[in-house]
Amino acid sequence: MKIGKVIGTVVCNQKVDSLIGIKLLLIQPLNEYLKEEGTPVVACDAVQAGLNDIVFYEGGREAALGLINWFNPSDLTVMGIIDSLYTEEKKK
Amino acid sequence: MILARVIGQVVSTIKLDVFKGFKLLLVQPIDIEEKPKGKILLVLDTVQAGVGDVVLVMDEGNSARTILENTTAPIRSVIVGIVDEIQTDKRGEK
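Chain order of the listed sequences is A and B. Residues 51 to 142 in our numbering are what the first sequence spells out, letter by letter. Residues 17 to 110 in our numbering are what the second sequence spells out, letter by letter.
Watch out, some of these pointers could steer you wrong.
Across the chosen pairs, the derived CB separations fall in these ranges [what the hints assert, rightly or not]:
no.: 1; chain 1: B; residue 1: P52; chain 2: A; residue 2: V91; range: 21 to 29 Å
no.: 2; chain 1: A; residue 1: T89; chain 2: B; residue 2: Q103; range: 40 to 48 Å
no.: 3; chain 1: B; residue 1: D100; chain 2: A; residue 2: N102; range: 36 to 44 Å
no.: 4; chain 1: B; residue 1: V63; chain 2: A; residue 2: P90; range: 30 to 38 Å
no.: 5; chain 1: A; residue 1: K140; chain 2: B; residue 2: I102; range: 19 to 27 Å
no.: 6; chain 1: B; residue 1: L72; chain 2: A; residue 2: E138; range: 18 to 26 Å
no.: 7; chain 1: A; residue 1: L101; chain 2: B; residue 2: K36; range: 20 to 28 Å
If you are wondering where the hints come from, they were derived from the structure by calculation, not from laboratory data. Note that this is a predicted model, so its numbers are computed, not measured. No residue lacks a Cβ here, since even glycine has one placed at the ideal position from N, Cα and C.
Turn these sequences into a full structure, and let the hints steer you where they fit.
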């Protein structure tokens with residue numbers, strides 16, 4: 051799983067039937083120190099995350115399994131909201 | 017499976033039900049010299065590892081689901097062991 055921050059939502063009126071009713075979130079990937087890393091991606095939401103939440107998400111086959119109806123074409127799904135994160139200091 | 021070092025932990029209250037009762041740890045994949053290699057991962061812990069431990073991470077979906085005995089768990093990365101020692105002749109070669 052990876053860590054990211056919700057920076058927005060995406061609205062689609064026309065989408066695949068199996069994704070109807072599922073919220074789409076714009077996610078900025080973060081590194082272990084919560085610094086932005088990489089380009090934003092769009093993910094399906096399984097936990098009702100909101101703007102500015104730090105979340106974790108998974109890609110691949112597991113993304114589809116994370117939604118209620120597992121037969122869907124999701125390739126990134128938000129699976130949890132992070133309350134706190136501890137990372138040890140970088141060794142010099 | 018890959019070798020990694022545990023570098024942090026994550027607390028999450030709102031998550032999918034299959035994650036309940038498991039710890040979530042941040043790991044940094046390492047090479048045989050124990051140097052960091054590649055991007056960090058957030059993994060599920062089944063062996064009670066802690067920060068600083070070198071661990072064995074299963075990074076494959078079907079194997080992870082087998083470990084959790086749940087055929088539809090949306091989980092790919094699971095810690096399956098704590099490494100005591102790595103023996104190799106390749107260490108230090110360039």
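Okay, the hints, checked on the actual structure:
1. B:P52 / A:V91: 21 to 29 Å: Cβ of P52 of chain B to Cβ of V91 of chain A: about 24 Å, so the range 21 to 29 Å holds.
2. A:T89 / B:Q103: 40 to 48 Å: holds, 41 Å
3. B:D100 / A:N102: 36 to 44 Å: holds, 42 Å
4. B:V63 / A:P90: 30 to 38 Å: holds, 34 Å
5. A:K140 / B:I102: 19 to 27 Å: holds, 22 Å
6. B:L72 / A:E138: 18 to 26 Å: holds, 19 Å
7. A:L101 / B:K36: 20 to 28 Å: Since L101 of chain A and K36 of chain B have Cβ atoms about 25 Å apart, the given range 20 to 28 Å holds.
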